[in-house]
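Q: From just these sequences and the hints, can you work out the full model?
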Amino acid sequence: MTTPALDIQNLTVYYGAIQALQGINITVYPGEVVTLIGANGAGKSTTLRAISRIVKARSGQIRYDGRDLTALRADEVVRAGIAHVPEGRRVLARLSVADNLFLGAYTRNDRAEIQHDLEEMFRRFPRLAERRAQLAGTLSGGEQQMLAIARALMSRPRLLLLDEPSLGLAPIIVREIFEIIRNLNSTGVTILLVEQNAQLALQNAHRGYVLEAGSITITGEAKALAGDERVKKAYLG
Amino acid sequence: MAEFITTYGFLIVSMVFAAMLALSLYLPLMTGQLSLASPGFYALGGYIAAVMSTKVFPPTPQGEIFPLVYLLIEMLVAAVASALLAVLIGIPALRLRGIYLALATIAFVEVVRVLSLNLEITGKAIGIFGIPQPFLNKFEYMWIAAPMLILSTWFVYRLERSRVGRAFAALREDELAATAMGVNPTYNKVLSFTMGAVLAGVVGAVSAHFLNTWNARQGTFDAAILYLAFVIIGGSRTYLGPVLGGLLLTALPEVLRALAGVEFLPAFVAQFLVDGRLIIYGLLIALATIFFPQGLITPTMLKRLARRGT
Ligand SMILES: Nc1ncnc2c1ncn2[C@@H]1O[C@H](COP(=O)(O)OP(=O)(O)O)[C@@H](O)[C@H]1O
Ligand SMILES: [Mg+2]
Numbered sequence: 001m002t003t004p005a006l007d008i009q010n011l012t013v014y015y016g017a018i019q020a021l022q023g024i025n026i027t028v029y030p031g032e033v034v035t036l037i038g039a040n041g042a043g044k045s046t047t048l049r050a051i052s053r054i055v056k057a058r059s060g061q062i063r064y065d066g067r068d069l070t071a072l073r074a075d076e077v078v079r080a081g082i083a084h085v086p087e088g089r090r091v092l093a094r095l096s097v098a099d100n101l102f103l104g105a106y107t108r109n110d111r112a113e114i115q116h117d118l119e120e121m122f123r124r125f126p127r128l129a130e131r132r133a134q135l136a137g138t139l140s141g142g143e144q145q146m147l148a149i150a151r152a153l154m155s156r157p158r159l160l161l162l163d164e165p166s167l168g169l170a171p172i173i174v175r176e177i178f179e180i181i182r183n184l185n186s187t188g189v190t191i192l193l194v195e196q197n198a199q200l201a202l203q204n205a206h207r208g209y210v211l212e213a214g215s216i217t218i219t220g221e222a223k224a225l226a227g228d229e230r231v232k233k234a235y236l237g
Numbered sequence: 001m002a003e004f005i006t007t008y009g010f011l012i013v014s015m016v017f018a019a020m021l022a023l024s025l026y027l028p029l030m031t032g033q034l035s036l037a038s039p040g041f042y043a044l045g046g047y048i049a050a051v052m053s054t055k056v057f058p059p060t061p062q063g064e065i066f067p068l069v070y071l072l073i074e075m076l077v078a079a080v081a082s083a084l085l086a087v088l089i090g091i092p093a094l095r096l097r098g099i100y101l102a103l104a105t106i107a108f109v110e111v112v113r114v115l116s117l118n119l120e121i122t123g124k125a126i127g128i129f130g131i132p133q134p135f136l137n138k139f140e141y142m143w144i145a146a147p148m149l150i151l152s153t154w155f156v157y158r159l160e161r162s163r164v165g166r167a168f169a170a171l172r173e174d175e176l177a178a179t180a181m182g183v184n185p186t187y188n189k190v191l192s193f194t195m196g197a198v199l200a201g202v203v204g205a206v207s208a209h210f211l212n213t214w215n216a217r218q219g220t221f222d223a224a225i226l227y228l229a230f231v232i233i234g235g236s237r238t239y240l241g242p243v244l245g246g247l248l249l250t251a252l253p254e255v256l257r258a259l260a261g262v263e264f265l266p267a268f269v270a271q272f273l274v275d276g277r278l279i280i281y282g283l284l285i286a287l288a289t290i291f292f293p294q295g296l297i298t299p300t301m302l303k304r305l306a307r308r309g310t
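Chains A and B supply the protein sequences, listed in that same order.
Sequential numbering from 1 applies to the first sequence in our numbering.
Sequential numbering from 1 applies to the second sequence in our numbering.
Any given hint might turn out to be false.
As the list claims (entries may be wrong) - Simulated DEER-style distance windows between Cβ atoms:
| # | chain 1 | residue 1 | chain 2 | residue 2 | range |
| --- | --- | --- | --- | --- | --- |
| 1 | B | Pro-147 | A | Arg-79 | 37 to 43 Å |
| 2 | B | Phe-221 | A | Gly-41 | 57 to 63 Å |
| 3 | A | Arg-58 | B | Leu-84 | 53 to 59 Å |
What the hints assert, rightly or not - Here are a few chain B residues that face chain A, going by a calculated C-beta distance under 8 Å:
| # | residue |
| --- | --- |
| 4 | Ala-102 |
| 5 | Ala-167 |
| 6 | Ala-170 |
| 7 | Glu-173 |
| 8 | Ala-180 |
| 9 | Met-181 |
What the hints contain is simulated information worked out from the structure, not anything from laboratory work.
Cβ atoms here follow ideal geometry from the backbone N, Cα and C, with glycine treated the same way.
A: Okay, here's the thing in structure tokens:
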């Protein structure tokens, strides 16, 4: 097999005295969609935050393209080619759609290329184009999710971390968002997808990991996981 | 005209200084930092100018005015000193958030005050007297104050529309989201804090000359609350808010005094307008925060005006 794009070994994270991750291992190969599923509070968001260096790892390694991310700052992780779409979208409500997108390209210096990418995002997401001067806070939930994804793409990532993109969205919008995710993957972006909606996630991923109370308990091909009795019972209802 | 200048020259220059001090508080607010440190840097800048002009530079000969070049040098030294001090205290202090940062910056202002009360070089409780005048009268300070205000307002206006300004706004909106986009929180917070400190320090340097004397009563905690009121009432989400807030609210007490002079006004009303100035002032602050919670000037309002203009 090829070398992994992302290789997490024995990662532990604490919030004060609370241990959120108890030494997890996750590998993501180039071009894959890998999903991380688990109940509320299992540590899914913490895993993504540790990768993007928003929270510190207590111990363990996070290797990306052969570099250890735990030695980098958050902005260096973005420069290394990783973009994080946080849980709850977190668009900057009082800033315009265009300013949100420009901020996605904050770590880049190539002005002309940034402008080009901005127009590219508006081509890809016409609904954002119509609202480019509007404040992001006035967008609907689905539009905000599109903006959050487009903003992340503005850094030209090769690995995209998506935290619960379906959260709080109507089923028809969720379908649209997942179509965007599949399209992105087909253009070569590697994706680590966190979801509470296990069924949806496993339908759209190559492989999956199940996280329970800070530990990985089950892992395998997405199809196999979808058929696994334990997964079915706990997450597929 | 001459009479107007002698009557209102002092007030007009004070209004311009107030606008810049409000901007100095607004700058850290651009990254979401409620810092009340401005009076501390203002005091520092003032002492630098006071000491340099009375003890370092050669005395100005009788009948001559203090050379403008010296004033500019003092402003430069005040700017550099304020910047260094801001970075030094900003890095630890800006780990604090919200009210804790506000308290820490108040403590800084208090430390500056107590130091100046006790140090030989700052003239202890008496302060420094006879600071030489680079201008013939108070109103002529506009030669320096007006360009400073135009320059600093233009600077903040440009800043808000720049890449750095967008990073500031992102931090103010959502620090986690901003960090995820690669905005370095510490760097940008210290930068905005330092910009505010430099502005306050430079204004302090000019103020020391303007007021002729400098002591520990300059740049105290209550001044910080006043600047904060300028920002909140003027509008805390656009550069124009603090500028207008500083100008208008500094003029307000004098406007009330003038109103009291109007003929046919019942004596007790006139009396209240003069003696009750602070009450009216406080009332206006309360009313403005109720009816204009975003301040008098909002970004939406500016956008609407711009659209009508084109
Ligand atoms: N900022 C925080 N401070 C303290 N504890 C936290 C914080 N964020 C998350 N936690 C705790 O860490 C654990 C994992 O949380 P999280 O990663 O958000 O889970 P998930 O995304 O799977 O719902 C939970 O027990 C949660 O309460
Ligand atoms: Mg989560």
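Q: Each hint needs a verdict: does it hold in this structure or not?
A: A quick look at each hint next to the structure:
no. : hint                             : in the structure
1   : B:Pro-147 - A:Arg-79: 37 to 43 Å : holds, 40 Å
2   : B:Phe-221 - A:Gly-41: 57 to 63 Å : violated, 44 Å
3   : A:Arg-58 - B:Leu-84: 53 to 59 Å  : violated, 36 Å
4   : Ala-102                          : violated, 22 Å
5   : Ala-167                          : holds, 6 Å
6   : Ala-170                          : holds, 5 Å
7   : Glu-173                          : holds, 4 Å
8   : Ala-180                          : holds, 4 Å
9   : Met-181                          : holds, 5 Å
Going through the hint list in order, the structure does not satisfy hints 2, 3, 4.
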